Amino acid sequence: MSQPWQQPQPNQPGYGYPAQPQPQPGFGPPPQAGFGPPPAPAGYGYPPPGGAPVPVRPTGSQAGLGVALAAGAALLLVVLYGYLNGSVVDLDSLIRDAMEDGDSEIKITQLTWLAAAVGALVGIPMGKYAAGQAGYYWLAGALALGSMLLGQTFAMAVVSSDASDGAKSPFELFFDNFSDMWDGWTENAEGVTWLLIALAPAAAIFAGYLLGRTRRPAGALG
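The letter at position 78 of the sequence shown is residue 78 when you use full-length UniProt numbering, and the numbering goes up by one with no holes.
Just so you know, the hints here were simulated from the structure itself, not pulled from any lab data.
Quick caveat: nothing in here was measured; it's all calculated off a predicted structure.
Keep in mind that the hints are not guaranteed to be accurate.
To be verified - Ranges of calculated distance between the beta carbons of each label pair, as one might list FRET restraints:
(1) Ala142 - Ser179: 20 to 26 Å
(2) Glu105 - Asp176: 21 to 27 Å
(3) Met99 - Asp165: 17 to 23 Å
(4) Asp101 - Trp138: 40 to 46 Å
(5) Asp90 - Gly191: 21 to 27 Å
(6) Phe178 - Gly102: 28 to 34 Å
Where a beta carbon is used, it is the ideal one built from N, C-alpha and C, also for glycine.
The whole structure should be built from the sequences, with the hints applied where relevant.
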(Lines of atoms letter the chains of each structure in order from A and count residues from 1; the text may use other names and numbers.)
(Lines give C-alpha, C1' and ligand atoms only; values in the text may rest on other atoms or scores of the structure.)
Protein backbone atom coordinates (compact mmCIF):
# COMPACT_ATOMS: atom_id res chain seq x y z
CA MET A 1 0.00 0.00 0.00
CA SER A 2 1.55 3.20 -1.08
CA GLN A 3 1.89 6.21 1.16
CA PRO A 4 1.02 9.67 -0.05
CA TRP A 5 4.05 11.81 -0.97
CA GLN A 6 4.47 14.95 1.11
CA GLN A 7 6.22 17.98 -0.28
CA PRO A 8 9.27 18.68 1.84
CA GLN A 9 9.45 21.95 3.69
CA PRO A 10 12.03 24.34 2.34
CA ASN A 11 13.91 24.57 5.61
CA GLN A 12 14.14 20.87 6.22
CA PRO A 13 17.51 19.37 5.49
CA GLY A 14 17.90 16.60 3.03
CA TYR A 15 15.44 17.79 0.41
CA GLY A 16 15.95 20.12 -2.46
CA TYR A 17 18.86 22.51 -2.16
CA PRO A 18 20.92 22.41 0.98
CA ALA A 19 20.14 25.09 3.48
CA GLN A 20 22.52 28.00 3.51
CA PRO A 21 24.42 28.29 6.77
CA GLN A 22 23.72 31.36 8.81
CA PRO A 23 26.73 33.65 9.30
CA GLN A 24 28.24 33.11 12.68
CA PRO A 25 29.88 35.93 14.62
CA GLY A 26 33.64 35.84 14.57
CA PHE A 27 33.95 34.17 11.17
CA GLY A 28 34.43 35.54 7.74
CA PRO A 29 36.43 38.50 6.54
CA PRO A 30 36.36 41.62 8.72
CA PRO A 31 34.43 44.68 7.51
CA GLN A 32 36.37 46.72 5.06
CA ALA A 33 37.60 50.10 6.24
CA GLY A 34 37.21 53.25 4.17
CA PHE A 35 39.45 53.92 1.25
CA GLY A 36 42.64 55.95 1.63
CA PRO A 37 45.54 55.74 4.06
CA PRO A 38 44.79 56.25 7.75
CA PRO A 39 45.78 59.63 9.24
CA ALA A 40 49.30 59.63 10.55
CA PRO A 41 49.53 60.14 14.31
CA ALA A 42 51.11 63.37 15.50
CA GLY A 43 54.69 62.98 16.64
CA TYR A 44 55.60 63.35 20.22
CA GLY A 45 56.36 66.93 21.22
CA TYR A 46 54.90 68.47 18.06
CA PRO A 47 51.50 70.19 17.84
CA PRO A 48 49.01 68.82 15.31
CA PRO A 49 48.70 70.62 11.97
CA GLY A 50 46.59 73.74 12.05
CA GLY A 51 47.30 74.51 15.68
CA ALA A 52 47.05 77.84 17.44
CA PRO A 53 48.64 80.80 15.58
CA VAL A 54 51.89 82.23 16.79
CA PRO A 55 51.10 85.13 19.15
CA VAL A 56 52.20 88.61 18.11
CA ARG A 57 55.04 89.94 20.21
CA PRO A 58 53.92 92.89 22.38
CA THR A 59 55.17 96.26 21.21
CA GLY A 60 55.15 98.12 24.52
CA SER A 61 58.87 97.74 25.16
CA GLN A 62 59.64 98.55 21.52
CA ALA A 63 57.65 101.79 21.74
CA GLY A 64 59.50 102.74 24.91
CA LEU A 65 62.78 102.17 23.12
CA GLY A 66 61.58 104.41 20.30
CA VAL A 67 60.74 107.20 22.75
CA ALA A 68 64.15 106.90 24.43
CA LEU A 69 66.01 106.99 21.12
CA ALA A 70 63.96 109.91 19.80
CA ALA A 71 64.50 111.92 22.98
CA GLY A 72 68.21 111.16 22.91
CA ALA A 73 68.43 112.21 19.27
CA ALA A 74 66.57 115.45 20.04
CA LEU A 75 69.01 116.36 22.84
CA LEU A 76 72.04 115.44 20.77
CA LEU A 77 70.81 117.55 17.87
CA VAL A 78 70.44 120.56 20.18
CA VAL A 79 74.18 120.48 20.83
CA LEU A 80 75.19 119.61 17.26
CA TYR A 81 72.96 122.26 15.74
CA GLY A 82 74.17 124.87 18.22
CA TYR A 83 77.84 124.29 17.50
CA LEU A 84 77.25 124.04 13.75
CA ASN A 85 75.27 127.28 13.67
CA GLY A 86 77.79 128.99 15.91
CA SER A 87 80.70 127.87 13.76
CA VAL A 88 79.41 129.72 10.69
CA VAL A 89 78.91 133.00 12.54
CA ASP A 90 81.79 135.46 12.69
CA LEU A 91 80.52 137.87 15.31
CA ASP A 92 83.48 140.26 15.05
CA SER A 93 82.92 140.60 11.33
CA LEU A 94 79.22 141.18 11.83
CA ILE A 95 79.88 143.90 14.40
CA ARG A 96 82.39 145.60 12.14
CA ASP A 97 80.00 145.53 9.17
CA ALA A 98 77.18 146.89 11.31
CA MET A 99 79.33 149.79 12.51
CA GLU A 100 80.37 150.65 8.96
CA ASP A 101 76.78 150.62 7.76
CA GLY A 102 75.51 152.48 10.80
CA ASP A 103 73.14 149.69 11.79
CA SER A 104 72.27 149.24 15.43
CA GLU A 105 71.22 145.61 14.97
CA ILE A 106 73.39 142.65 14.06
CA LYS A 107 71.95 140.00 11.77
CA ILE A 108 73.18 136.62 12.92
CA THR A 109 73.07 133.75 10.46
CA GLN A 110 70.60 131.03 11.40
CA LEU A 111 70.64 127.57 9.87
CA THR A 112 66.91 126.99 10.23
CA TRP A 113 66.81 125.36 6.80
CA LEU A 114 68.20 122.28 8.57
CA ALA A 115 64.92 121.91 10.47
CA ALA A 116 63.58 119.23 8.12
CA ALA A 117 66.67 117.08 8.66
CA VAL A 118 66.42 117.53 12.43
CA GLY A 119 62.78 116.46 12.38
CA ALA A 120 63.44 113.41 10.23
CA LEU A 121 66.23 112.19 12.52
CA VAL A 122 63.92 112.46 15.52
CA GLY A 123 60.98 110.77 13.78
CA ILE A 124 62.86 107.75 12.41
CA PRO A 125 63.19 105.92 15.79
CA MET A 126 59.48 106.36 16.43
CA GLY A 127 58.54 104.97 13.04
CA LYS A 128 60.85 102.00 13.52
CA TYR A 129 60.05 100.98 17.10
CA ALA A 130 56.49 102.34 17.52
CA ALA A 131 55.12 101.34 14.11
CA GLY A 132 51.39 101.83 13.69
CA GLN A 133 50.99 103.98 16.83
CA ALA A 134 50.19 107.47 15.62
CA GLY A 135 50.41 109.08 19.05
CA TYR A 136 54.13 108.42 19.17
CA TYR A 137 54.59 110.13 15.80
CA TRP A 138 53.09 113.31 17.21
CA LEU A 139 55.31 112.98 20.27
CA ALA A 140 58.26 112.87 17.89
CA GLY A 141 56.97 116.08 16.32
CA ALA A 142 56.93 117.79 19.72
CA LEU A 143 60.46 116.58 20.45
CA ALA A 144 61.69 117.85 17.08
CA LEU A 145 60.14 121.27 17.65
CA GLY A 146 61.75 121.50 21.09
CA SER A 147 65.06 120.41 19.60
CA MET A 148 65.00 123.24 17.06
CA LEU A 149 64.01 125.92 19.58
CA LEU A 150 66.63 124.82 22.09
CA GLY A 151 69.17 124.40 19.31
CA GLN A 152 68.67 128.01 18.25
CA THR A 153 69.10 129.13 21.84
CA PHE A 154 72.25 127.05 22.29
CA ALA A 155 73.63 128.46 19.03
CA MET A 156 73.29 131.95 20.50
CA ALA A 157 75.17 130.72 23.58
CA VAL A 158 77.97 129.42 21.34
CA VAL A 159 78.19 132.77 19.53
CA SER A 160 78.19 134.70 22.81
CA SER A 161 80.90 132.46 24.25
CA ASP A 162 83.11 133.08 21.21
CA ALA A 163 82.49 136.83 21.48
CA SER A 164 83.69 136.80 25.10
CA ASP A 165 86.82 134.81 24.18
CA GLY A 166 85.58 131.85 26.19
CA ALA A 167 85.01 133.72 29.45
CA LYS A 168 81.98 131.48 29.84
CA SER A 169 81.35 128.21 28.11
CA PRO A 170 78.29 127.81 25.88
CA PHE A 171 76.73 125.48 28.44
CA GLU A 172 77.18 128.00 31.24
CA LEU A 173 75.56 130.73 29.16
CA PHE A 174 72.79 128.38 28.11
CA PHE A 175 71.81 127.40 31.64
CA ASP A 176 72.73 130.57 33.56
CA ASN A 177 71.52 133.13 31.02
CA PHE A 178 68.85 131.19 29.20
CA SER A 179 66.40 134.09 28.87
CA ASP A 180 69.09 136.35 27.41
CA MET A 181 70.13 133.69 24.91
CA TRP A 182 66.48 133.14 23.97
CA ASP A 183 65.88 136.84 23.41
CA GLY A 184 69.11 137.10 21.46
CA TRP A 185 67.91 134.91 18.59
CA THR A 186 64.16 135.53 18.73
CA GLU A 187 64.72 139.28 18.24
CA ASN A 188 66.45 138.53 14.95
CA ALA A 189 63.92 135.91 13.86
CA GLU A 190 61.74 136.75 10.89
CA GLY A 191 58.57 135.19 9.56
CA VAL A 192 60.45 132.80 7.33
CA THR A 193 62.49 131.67 10.33
CA TRP A 194 59.40 130.40 12.11
CA LEU A 195 58.12 128.75 8.93
CA LEU A 196 61.37 126.86 8.55
CA ILE A 197 61.33 125.84 12.20
CA ALA A 198 57.83 124.44 11.67
CA LEU A 199 59.34 121.99 9.19
CA ALA A 200 60.95 120.10 12.08
CA PRO A 201 57.75 118.71 13.64
CA ALA A 202 56.20 118.19 10.21
CA ALA A 203 59.20 116.17 9.04
CA ALA A 204 59.25 114.12 12.26
CA ILE A 205 55.57 113.18 11.96
CA PHE A 206 55.92 112.40 8.26
CA ALA A 207 59.01 110.24 8.85
CA GLY A 208 57.18 108.32 11.58
CA TYR A 209 54.15 107.64 9.40
CA LEU A 210 56.26 106.76 6.36
CA LEU A 211 58.57 104.35 8.16
CA GLY A 212 55.85 103.00 10.45
CA ARG A 213 53.61 102.09 7.52
CA THR A 214 56.25 99.70 6.16
CA ARG A 215 56.94 98.16 9.59
CA ARG A 216 53.40 98.00 11.02
CA PRO A 217 52.95 94.84 13.14
CA ALA A 218 50.03 92.48 12.55
CA GLY A 219 46.87 93.67 14.26
CA ALA A 220 48.13 97.22 14.86
CA LEU A 221 45.93 100.13 13.98
CA GLY A 222 47.35 103.16 12.24
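Comparing the hints with the structure gives:
no.: 1; hint: Ala142 - Ser179: 20 to 26 Å; in the structure: 22 Å, holds
no.: 2; hint: Glu105 - Asp176: 21 to 27 Å; in the structure: 25 Å, holds
no.: 3; hint: Met99 - Asp165: 17 to 23 Å; in the structure: 19 Å, holds
no.: 4; hint: Asp101 - Trp138: 40 to 46 Å; in the structure: 45 Å, holds
no.: 5; hint: Asp90 - Gly191: 21 to 27 Å; in the structure: 25 Å, holds
no.: 6; hint: Phe178 - Gly102: 28 to 34 Å; in the structure: 32 Å, holds
Checked against the numbered hints above, the structure breaks none of them.
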